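Participant: As a plain string of letters, each chain reads:
There are 2 protein chains.
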Amino acid sequence: MSVYNRAGKTFSFPLAYTHTYSPRSSSVSFHSLPRPLLGAPLAVAVTARFRSAAEGMMEPEQQQVEDAAATLSKKAAKKQERLNKKLAAASIAASEATKEEDPLAGNYGDVLLQDLQSKPISGRQWTSVSVLDSTLDGQTVLVRGRCHTVRGKGKLVFLVIRQAGYTIQCVFQIKDKVEDNMVSKGMIKYISSLSKESIVDVEGIVAVPDRPISGTTQQVELHGRKVYCVSKAVPVLPFNLEDAARSEKDFQKAAEQEDLQYVRVNTDTRLNFRVLDLRTPANQAIFRVQSYVSMLFRQFLVGQNFVEIHTPKLIAGASEGGAAVFKLDYKGQPACLAQSPQLHKQMAICADFGRVFEIGPVFRAEDSFTHRHLCEFTGLDLEMEIKEHYYEVLDILDGMFVSIFDGLNEHCKKELEAINEQYPFEPLKYLKKTLRLTFEEGLQLLKEDGIELDPFGDLNTESERRLGALVKNKYGTDFYILHRYPLAVRPFYTMPCYDNPQYSNSFDVFIRGEEIISGAQRVHDPELLVSRAQALGIDVASLSTYIDSFRWGAVPHGGVGVGLERVVMLFCNLKNIRKTSMFPRDPTRLAP
Amino acid sequence: MSVYNRAGKTFSFPLAYTHTYSPRSSSVSFHSLPRPLLGAPLAVAVTARFRSAAEGMMEPEQQQVEDAAATLSKKAAKKQERLNKKLAAASIAASEATKEEDPLAGNYGDVLLQDLQSKPISGRQWTSVSVLDSTLDGQTVLVRGRCHTVRGKGKLVFLVIRQAGYTIQCVFQIKDKVEDNMVSKGMIKYISSLSKESIVDVEGIVAVPDRPISGTTQQVELHGRKVYCVSKAVPVLPFNLEDAARSEKDFQKAAEQEDLQYVRVNTDTRLNFRVLDLRTPANQAIFRVQSYVSMLFRQFLVGQNFVEIHTPKLIAGASEGGAAVFKLDYKGQPACLAQSPQLHKQMAICADFGRVFEIGPVFRAEDSFTHRHLCEFTGLDLEMEIKEHYYEVLDILDGMFVSIFDGLNEHCKKELEAINEQYPFEPLKYLKKTLRLTFEEGLQLLKEDGIELDPFGDLNTESERRLGALVKNKYGTDFYILHRYPLAVRPFYTMPCYDNPQYSNSFDVFIRGEEIISGAQRVHDPELLVSRAQALGIDVASLSTYIDSFRWGAVPHGGVGVGLERVVMLFCNLKNIRKTSMFPRDPTRLAP
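Just so you know, the sequences run in chain order A and B. Under my numbering, the first residue of the first sequence carries the number 52, and numbering increases by one thereafter. Under my numbering, the first residue of the second sequence carries the number 52, and numbering increases by one thereafter.
Think of the hints as simulated: they come from the structure by calculation, not from any bench. No experiment lies behind these values; they were computed from the predicted model shown. Some hints here could point you the wrong way.
[Unchecked claim] Examples of chain B residues lying across from chain A (beta carbon under 8 angstroms, computed):
| id | residue |
| --- | --- |
| 1 | Asp161 |
| 2 | Gln165 |
| 3 | Leu329 |
| 4 | Ser345 |
| 5 | Leu347 |
| 6 | Lys525 |
| 7 | Thr528 |
| 8 | Leu641 |
Glycine included, C-beta positions come from ideal geometry on N, C-alpha and C.
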């Protein structure tokens, strides 16, 4: 059930699973909702009701849409069940009727659930769609994938199978000579009835076609011999995968043609049906890139003697102060969710681990309705002993990010291409030795550009963007470090500069003019820490276990927090952080 | 502030930072607490007040100790500050007085905080204690570490420096010939005054002694030339590191000697002052082993084409049903913390990612006061498409754990030795091809041993332990898989067996008779899923976004959840899971 709040009234309507498609009449039935305009694509009808919530920046006032927290009403669920049963019965009856007369009936049909419940292993081998190429010419292979598209009828049907974003065309054709035939009318009919996104096993012979195949990733065909449906998708989906995979360029082309009109799937519709949305080639690629970023992050740090730690997310008191915490009851004690592993990773340094890192969730209860804030995101945190200077942290950071960027460009070529196909972006420009500018130098650049700012204030999003553009223009890099921020704009645990206490040993790191990393040398002296906290009006008592850690001897240290989703978003210039969070959480979204 | 609840009354007393040690009188002063018995070691006095809470199994009734949620009262904080200032002033005065007359005064003393605030880099190089050996004989090195122990006076002082669990002895000696001297009386006095756990920089010459050095890990000495204190620890610590690092064998030895008595540091005291406790060689090793386990886990899976994902911890509804969830308010919506990534990792499979894994926190609000339950722990989760059989999951698991165990034994030798030193354990016995027994075979083994159990019930902790012993005896392995559990004792999403619906395609994995992993083939058919959930009385409506994922076509799949802390605890036979969680959370512990 989705709840749609309009003008203070709350009413509910069932979603995808109640759009049922009857093959006989081709009509679409909605329940407890007015029927959409005839001829209007289904996805649009659904989309309209979910518009606006996550399309980049937005204000809470604009947020009229309560999220699809999705509790299906019992009545609707029962209705749905009855319908599904009817459909299933009809499908079985049809298939049985056809099969009776078909000598090839054993070569197609629905796999019984019982046959998928870990019966003794058959020894069959499945081949990945991604590896199908001309080297396999003439070989019989078995693939399992989704029914992406089906077209044609009569004696010929093309079934495109998609697996993890890769596609292959399977051709089923009835030959004129009966005795050669491996394909029957019944089989063609069965394939034509397959619903999109159903999981099918196809056995066929790899063949290299005369002409290049457009519309599939693989440049060979399968001459289909057998086809079995492993799992049926409901006949009508919340949206079509092809629609969800189109680029702006596609829409532009369509706009130039009178007879072509594409359905646009909005961000909120995508996120409401995220499992479906994630199947597009671009999304398949985005999360493989994200996985690769974590891997490269860890690989670099492990090579530098960092220890991976896991700090608690449930903590007493506010982790770093401030109001933007999620509060909860912990067995009768007031608790909150950690806004970052800041305090505990510093405590790990005080506990002699020397160099530590953590990859874990970070919780922010802020009401930030922007393209770059989430209420839960993945923090890549590191903290390390330094001997003399926060430059030691910058050196690690520098080496690490160059290794991440190099690694992505080298190992994720296919993924970056797939993303580029739907969301074109300029490759990231970065230097082998990362540019470091002081905050003062940054302000000077802006001043020369006509923007004068408070020398001890913070940069806002706009000035950060502008500075990014100026830096790119002058130094030819999208990636740089800005350091020695004013002390006043940094947290209490930031170490002031030795030569000017109005500045601090802190830094931000930017990609394409947006911040992805914040870091600093920390205050390791307990007295200074207390006085800094007091100066900022922070309740020192609530931080006593943290502050005590420094009373038992503490090495000078520094560290950083990186937002994983931001790194991927900005590396690929994706413009909305919801694209790089698998199941994003923002002030209004708690599902799916 | 720690809150100690006795007979319903709550009163508070300040901890470590208010035990101040006055060098003049050697007396210990407690504030707002009766003074401990004269002569009784401090740690014991503190310990007694924290006894019992986490020593293995315990009942809530026994739990008289409210945790050190640690909010230092303002009064106590101010008192503490005044005392620290006094001490600091006294120390500076003493050191200044000495220095005036000392020509070597520049070679020792406290480093000013200003000199640690990232001044221009000096170019000095620090050497790790762990690499100091005879190959460096005669070389001058600079080390930074903790003042572990200081002994001797007059013309000779031994300063043991500890860094990340490794120790080196530094010898400072005044030579008879004045002109040769690099060490002065003032320096000796300064070193003798260093408080334990303070961070010091020592410059000295590596020397190979005539006799082996007992009591340090490194078998060379440093002939000290310079010593600077980087960060001072408070003079009296909550407990001594030597006490925290003793093994049962040490205590047994002491019991045999009349004049020797060791202080025992209890689990709760350790956990209340965890930063200090983590500095023992065994703890340094435990968390390095833990870090290595995650690394090997990931390394194996990445090699098998798994994608790392990050699923939300904030979710609407109870993640898998059941009451043991932490609830919170999410911007006006009721929410809870995920009990596992179960639902979302399955949704990632429905989203075509094929094979996924996640390392992240898992939250359980259960009132389990045992040696093996935590309210927050680190889950190593994986989920994968299977073609035919849950054995495909077991094959991955098998290869992975053998690679983890082999990897630990090969690469963590020093760490395992350090753990063994304090907590002796038998090395884990495991087979290169992991033993798989069916649940029925397991029951049969127990039956032969005289224990008859309900064939469709679950095993309890006791019968699991017993079965572990029987398996070890019969098959010579501490690590094995028990599969085909009764359906009735598994979650609703578990796939029943094809040949007998009273059993399921599920498994647990055991180390030393304790469960570390639970897994299964999952139900991928939405109708069966709904009917299984209904059969178990679960509110299907609250799971609709999850169930819908299967309506859009779903591949057969299976997966497992591994408890990281349990793996380390049981590999090293550590007997209490609090030992393998850096900052553990149990029903009564939310700090530090």
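Participant: Now tell me, hint by hint, if it's right for this structure.
Facilitator: Right, here's what the structure says about each hint:
1. Asp161: Hint on B/Asp161: violated, closest Cβ of chain A at ~12 angstroms, above 8 angstroms.
2. Gln165: Status holds, d = 5 angstroms.
3. Leu329: holds (4 angstroms)
4. Ser345: Holds: closest Cβ of chain A sits about 5 angstroms from B/Ser345, inside 8 angstroms.
5. Leu347: Result: violated, 11 angstroms to nearest chain A Cβ.
6. Lys525: Nearest chain A Cβ about 26 angstroms off; hint violated.
7. Thr528: violated (24 angstroms)
8. Leu641: holds (5 angstroms)
Checked against the numbered hints given earlier, the structure breaks hints 1, 5, 6 and 7 and satisfies all the rest.
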